[in-house]
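Engineer: Chains as they are written, first to last, in the working numbering: chain A, 1 to 282; chain B, 1 to 282; chain C, 1 to 282; chain D, 1 to 282.
Keep in mind that the hints are not guaranteed to be accurate.
If several chains are the same, the list does not tell them apart, and a pair holds so long as it fits within one copy or across any two.
Said to hold, decoys possible - Computed list of lysine-lysine pairs in BS3-like fashion (alpha-carbon distance at most 27 Å, straight line):
(1) Lys224 with Lys95
(2) Lys95 with Lys14
(3) Lys177 with Lys158
(4) Lys177 with Lys11
If you're looking for bench data, these hints aren't it; they were derived computationally from the structure.
Chain by chain, the residues run as shown.
Number of protein chains: 4
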Amino acid sequence: METTDFFEVAKRYKVLFFDAYGVLKNSRGILEGIDRTFKFLLEADIDFYIVTNDASRSPQRLAAAYIEQGLAVVDANRIISSGMLATEYLRLKVKTGSVAYLGTEASAHYLQEVGLDTLSIADVNLDQCEDINALVFLDDEGFDWNRDINKIVNLLRKRNIPAIVANTDRSYPVSSKEVAVAIGGVADMVEAITGRRFIKFGKPDAQMFIFAYDHSQRAQEVGKEQILMVGDTLTTDILGGNKFGIDTALVLSGNTLRESAAEQIHATGIIPDYICESAVIR
Amino acid sequence: METTDFFEVAKRYKVLFFDAYGVLKNSRGILEGIDRTFKFLLEADIDFYIVTNDASRSPQRLAAAYIEQGLAVVDANRIISSGMLATEYLRLKVKTGSVAYLGTEASAHYLQEVGLDTLSIADVNLDQCEDINALVFLDDEGFDWNRDINKIVNLLRKRNIPAIVANTDRSYPVSSKEVAVAIGGVADMVEAITGRRFIKFGKPDAQMFIFAYDHSQRAQEVGKEQILMVGDTLTTDILGGNKFGIDTALVLSGNTLRESAAEQIHATGIIPDYICESAVIR
Amino acid sequence: METTDFFEVAKRYKVLFFDAYGVLKNSRGILEGIDRTFKFLLEADIDFYIVTNDASRSPQRLAAAYIEQGLAVVDANRIISSGMLATEYLRLKVKTGSVAYLGTEASAHYLQEVGLDTLSIADVNLDQCEDINALVFLDDEGFDWNRDINKIVNLLRKRNIPAIVANTDRSYPVSSKEVAVAIGGVADMVEAITGRRFIKFGKPDAQMFIFAYDHSQRAQEVGKEQILMVGDTLTTDILGGNKFGIDTALVLSGNTLRESAAEQIHATGIIPDYICESAVIR
Amino acid sequence: METTDFFEVAKRYKVLFFDAYGVLKNSRGILEGIDRTFKFLLEADIDFYIVTNDASRSPQRLAAAYIEQGLAVVDANRIISSGMLATEYLRLKVKTGSVAYLGTEASAHYLQEVGLDTLSIADVNLDQCEDINALVFLDDEGFDWNRDINKIVNLLRKRNIPAIVANTDRSYPVSSKEVAVAIGGVADMVEAITGRRFIKFGKPDAQMFIFAYDHSQRAQEVGKEQILMVGDTLTTDILGGNKFGIDTALVLSGNTLRESAAEQIHATGIIPDYICESAVIR
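Chain A on its own, in the form it takes in the complex:
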């Protein structure tokens, strides 16, 4: 597997979209040396955005975590999360009543900020649920899996309301060796059991990229050929970026391992324009 130096790739573009986990950080925190990458981007006047399947917190809180770890350049304006798309959907389409959610209070906080009336699934009473007009899957924590997953199946049987998945990832790494089931995995199970069609937000869906693209256009007008998506996962970052019509760079610092990258690309037919060791510039 031949790789290209990330610096050589990055300097050809005017805007970079980065996936977060496996690209900028991993289970041990911010990638060592990634600050050099951002330093270069600022100096070279290359704009950048974090495009992430995450609905566990608001962009403000996601940004705060980067800043805490010393990457002050990543402010809330530069973060596009699948949770933002779900929130926009709910704001536009749920005009009355309340929104039941699976997740932590922190994950619901962002919904409340845009004026939605929220209710944790733990607090839902199935005998008095006429007022609930949507269900949203935000985070895999903050509820009792056994009791509350059964509750949502029955809620959807009682109320024909839209079910929104704010993060389609099925699992996420919790250490260098272990993963955890993500809320997207839970949502898929409930969708299969109920037979309903859920409304899903997250890469590789084009809506994420368009949201980021529209954001980037406010700073400067750039064509799609001047944007590069940088990600560690073929089926989300690279497939989604390709489909949106922008160039894509696969980095080997996360989900896709050096030893199996070529075979995965061949098996899936998802072909990045570049392959780089990582997004860290030396």
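With chain A fixed as given, assemble chains B, C and D onto it according to the hints.
Structural biologist: Leaving out everything else, chains B, C and D in the frame of chain A:
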């Protein structure tokens, strides 16, 4: 929807296979009058078996529940459960080490009876799991969903062992209005997340019907054209019975409602030979 | 099933997106009276676009067909087709070599207009295919199904190139009683056989709606809450419109029949904001 | 990848089940030296059966092809094909009317022999199809793909009849480098388009193994622990054999390549008891 009298149908066959839930019993217990059906079958010398997707207990304990409710005719010999198939698989294919399970102690009891060394998923230590040679999904109770579903995902990442689903049903009724997620639904989620191919037992799979067929042949030799499958669910009882080459009767006392039966048959192309109100004989 | 008068619905919006087949036309041609609808829209200064899964012809030729049938108001500027998205993808991502296609010459004409070098699958030589850098599914006509579907399976085995589906519909009506397999159905089969992930364009995918939205913004700036999607199919028009965050109206003049609409909405959980007999204004 | 000598494996069993393509033969004909394997089996009094997903011809004609190529030991009695199961289903369940089929005349010949009234899809008249009571997918040749695949979609819309897939394989090799779409791939497409549930025969389904098992019991009574399945494909031969409770040996002479076998076993979790270079005995 025209229906045929169950008595008129039943008397044409030498062996009847019955699904349990929705046919012989429902959330309130044994169906009123179903004892008359069994009285008739005994008098007419028509053999019968219960063919059920259930791995929560041994056939002995399943039978005990019928006897307790006054249906003494249903003894353990007449019960064919998907749990029996899973147990047979484990007995044949797991020659050393232990079997980790999701379920109650009662569900594992049956495995222990055939000599398998079992270990509840709650007691599995991921740092010392070299001895675990199979994982089996038995029942949706008896474990902590959040902690233990994550544990099995990581167990399957550490150990490339067969995963067996002893009941493929995705949900089951807990009252006339509410359902619960069944262990088959949980297994589907873990299968999708891990990308592995699980080994699954339960209707509509032919193995259930063959097991019942072989059982029935010990009592008397009958051809497939003399056997009728009676069930309330198109996608398990009727599809499986049809594929096995026996006649099938759909009853409207459970999953399939009178008002939507015709449309469901049309939409799925799963066509019972008869439709009856219920298996109760007047 | 209670319906709302389309006129009462339409007048609340500033922009209308229409599906074509089943909404504006059917197997017998343009819907009788649909010209009154467009007359009203022009008078009321309500903008409108046709958003259609169609890659068989260029927008110019699609528009010509409306004009021929007396609906002169539908010009090429008002047509957003999935074929346009596929063409844009190919223009951006295929920088060298040629594009093999399944479809008629007319369907490939549009690709040629944007400068792509095209090659009908019938003319592909598998022993000299190094120059082919993409494969696109355009139309179900124009090739020999047996010979050429086998050819594309082998082309994808020889060349790891992106495969683009320019219309995701699986079937389309050819008369009031019969349907035909669409190119999206053929593409699904090839995707399953090869195990590759294809790049697919068409409703319910958000990219179609964003393309239409961006178009509409050139004429006037409108918010999403001022746009209505009008369609006859829950799984494409209504699901896609809902997800994009605009209001949706289901019409009963096509795929979704009056007698089964309520059940389909319940079974799928895809909920239109309005249900109307048709888009024809009296 | 360490392999075990096939001779060392085979001699431990009383009955061997062989897959055909990739195990006994390939695109160039019978595997060189495979006659030595059968010579050994006969001498050692080890029984054997060919268990194959094939519905293109009757067991008699399949056997004739082996005999022609010098493997006279493979007679019709030793062949278990998915086509036999489909034929048995049709014989048991289609009591009146005719069976429409996709395939060659040779593939339908076997149905005719058991007394079924058959009709090639090419000869079906959709305006007079009331007498057609089943549809069966036999072979990928013998019909016009474009015209006749569209015809079966419309036949299933007009007639709610069972659709039987007599071979679930999606593709098959036609040379060392090229494959062809198999009738199972065509059937999957029609199933997806019509939304119906088809009745499917072929490995890994247990019914194939039970049919072979019952056959083997006529010659001598053997337990499952004395039977070995030998195959080149994880998802059919090995998964099916494992599930049926017999031991399994993967050979590297066909679908599964030496260089990717370990990774495929890990990715799928389908674990053979043995891995052998081939079934040829030196």
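Engineer: Evaluate each hint against the coordinates.
Structural biologist: Hints versus structure:
For the homomeric pair Lys224 and Lys95, the shortest alpha-carbon distance between copies (14 Å) is at most 27 Å, but the shortest distance inside one copy (35 Å) is not. In this homomeric assembly, Lys95 and Lys14 come within 27 Å of each other (Cα to Cα) only across copies, at 19 Å, whereas the closest approach inside a single copy is 39 Å. Taking identical chains as interchangeable, the C-alpha atoms of Lys177 and Lys158 lie at most 27 Å apart only when they sit on different chains, with a minimum of 9 Å there against 41 Å within one chain. Within a single copy, Lys177 and Lys11 get their C-alpha atoms no closer than 34 Å, and across copies no closer than 41 Å, so neither meets the 27 Å cut-off.
When each numbered hint is compared with the structure, a violation occurs for hint 4 only.
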